[in-house]
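2 protein chains.
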Amino acid sequence: MSQLFAEGDLLASGRAARLKARTDPAPTSGVAEGLVQANMISVPKDWAWDVLLYAQRNPKPVPVLDVIEGGGYESALAPGSDLRTDIPQYRVWRDGELDSEPVDATEAWAEHPDLVTFLIGCSFTFEAGLHQAQIEIRHQTAGRNVPMYRTGVDCRPAGRLKGKLVVSMRPIACDRIADAVRISGGYPSVHGAPVHIGDPDALGIRDFYAPEYGDAPVPLRDGEVPVFWACGVTPQAAIAASKVPFAITHAPGAMFVTDVLNETYAV
Amino acid sequence: MSQLFAEGDLLASGRAARLKARTDPAPTSGVAEGLVQANMISVPKDWAWDVLLYAQRNPKPVPVLDVIEGGGYESALAPGSDLRTDIPQYRVWRDGELDSEPVDATEAWAEHPDLVTFLIGCSFTFEAGLHQAQIEIRHQTAGRNVPMYRTGVDCRPAGRLKGKLVVSMRPIACDRIADAVRISGGYPSVHGAPVHIGDPDALGIRDFYAPEYGDAPVPLRDGEVPVFWACGVTPQAAIAASKVPFAITHAPGAMFVTDVLNETYAV
Numbered sequence: 058m059s060q061l062f063a064e065g066d067l068l069a070s071g072r073a074a075r076l077k078a079r080t081d082p083a084p085t086s087g088v089a090e091g092l093v094q095a096n097m098i099s100v101p102k103d104w105a106w107d108v109l110l111y112a113q114r115n116p117k118p119v120p121v122l123d124v125i126e127g128g129g130y131e132s133a134l135a136p137g138s139d140l141r142t143d144i145p146q147y148r149v150w151r152d153g154e155l156d157s158e159p160v161d162a163t164e165a166w167a168e169h170p171d172l173v174t175f176l177i178g179c180s181f182t183f184e185a186g187l188h189q190a191q192i193e194i195r196h197q198t199a200g201r202n203v204p205m206y207r208t209g210v211d212c213r214p215a216g217r218l219k220g221k222l223v224v225s226m227r228p229i230a231c232d233r234i235a236d237a238v239r240i241s242g243g244y245p246s247v248h249g250a251p252v253h254i255g256d257p258d259a260l261g262i263r264d265f266y267a268p269e270y271g272d273a274p275v276p277l278r279d280g281e282v283p284v285f286w287a288c289g290v291t292p293q294a295a296i297a298a299s300k301v302p303f304a305i306t307h308a309p310g311a312m313f314v315t316d317v318l319n320e321t322y323a324v
Numbered sequence: 058m059s060q061l062f063a064e065g066d067l068l069a070s071g072r073a074a075r076l077k078a079r080t081d082p083a084p085t086s087g088v089a090e091g092l093v094q095a096n097m098i099s100v101p102k103d104w105a106w107d108v109l110l111y112a113q114r115n116p117k118p119v120p121v122l123d124v125i126e127g128g129g130y131e132s133a134l135a136p137g138s139d140l141r142t143d144i145p146q147y148r149v150w151r152d153g154e155l156d157s158e159p160v161d162a163t164e165a166w167a168e169h170p171d172l173v174t175f176l177i178g179c180s181f182t183f184e185a186g187l188h189q190a191q192i193e194i195r196h197q198t199a200g201r202n203v204p205m206y207r208t209g210v211d212c213r214p215a216g217r218l219k220g221k222l223v224v225s226m227r228p229i230a231c232d233r234i235a236d237a238v239r240i241s242g243g244y245p246s247v248h249g250a251p252v253h254i255g256d257p258d259a260l261g262i263r264d265f266y267a268p269e270y271g272d273a274p275v276p277l278r279d280g281e282v283p284v285f286w287a288c289g290v291t292p293q294a295a296i297a298a299s300k301v302p303f304a305i306t307h308a309p310g311a312m313f314v315t316d317v318l319n320e321t322y323a324v
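Sequence lines, in order, name chains A and B. Throughout the first sequence, residue numbering follows our numbering, covering 58 to 324 in sequence. Throughout the second sequence, residue numbering follows our numbering, covering 58 to 324 in sequence.
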């Protein structure tokens, strides 16, 4: 598929979301539906090879959509954007520790003139497809952030980077699981089909009702099964596990809204 | 999809193909059908970032399946393989010029101890799917190498790398084009659906019957249309256009046969 940019009202909704993100830290699930949202990780150039190789070796959790070099902060996926401000909330990491969570990353960005910034696909892209197929997105209807877990599954290491797989979870009714697999599988470059269906313990999830990222899930209903998708927060687990000296990321669930149509990444 | 390795006779056919490749420069279309084949480009570490970023920015022609660092020559996609010998024919490039086409690259490999080697998806993976759907693969039935063209379409540059898109061509009967699109589109990480259907001139192809790589096509039959897929020879066009100081690649059409099932890359 060629890269398809939104027009008209949809394009305006993406721009409005980025403008709102400059002052409002709210998560972006369901925002500007139809437009691709992205995870972000920005590292000094010395670490860029490790990140890009980590992505290549772990394409399901870390599908790279754009790379901006040399301290740049405008993504080709959203002309006129400013990656230092247009994400609702950031995380600044030092030596693998979370240092701060600013709404504006301009100051942190200025610390390293050679930042290389990666935008990574997000499962919110196929949520639109699930929604259109009348599959309920529970965290949206509950007004919460999506629950995300650090699993016990090792990613393939790359250079100095290692870490566990992070997954997002959506409860799905048994009779819609096949549809959810098929629909999300149609977006292979934004996490694609689930990595696991049914058993949090088998993934090494510590506590189903206390996710490491995002909000706790509301209780599952009868006939629902937890479905787990690879998640673009995975690089943040690698930053922590690998004690990366400096990185700026988005805050989990608070994504960068692009101008690109979800259909760009549909098979 | 999880990475699926072949077993039994199919695994043996892959190993036999790699063993044969140590002395026989023949192209590999149709060889060990069912197993993923790969393009190769190997560059000194100083150029590795440029290549990986070029791949990320041009995922249709340059889908990376494996990266081997530090002069290594065993791919995780084929345990026990030797990338210096297990490809039927190589190309050694110096300052962007084709220097030699050895059957064994061991000597060239030894020139740089820090080679980083990239294996890149190949359209031969979905040829098996076309074949199973009874779509004729003309270059196979004609006993030729697939025709490949350097188009007039610019790839997105990355660092010091720039170059034109290279495409492979298969003539397809008008009533099977939709099937060919659907089937190849099911393998998005090995070039996926065609980039163009019908008009060589629109792609900036110089002479349809004199391709830049591979063998000339046999004349099209009535009711057939030329269908063009992005091709993993694209990095070789970039080596030439960008005057890369040193690189080793496969010779177009003479691929690395892995132990991995085509289904690994099916959506």
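No lab work stands behind these hints, which were simulated from the structure alone. Among the hints, a few may not be true.
One copy or two, it doesn't matter: identical chains are merged, so the pair holds either way.
Claimed, not checked - Taking lysine to aspartate or glutamate pairs in the EDC-like style, the calculated list, with each CA pair at most 20 Å apart, reads:
id, residue 1, residue 2
1, LYS102, GLU126
2, LYS219, GLU126
3, LYS77, ASP139
4, LYS300, ASP211
5, LYS300, GLU193
Return the numbers of the hints above that this structure violates; sort them in rising order.
The structure breaks only hint 5.
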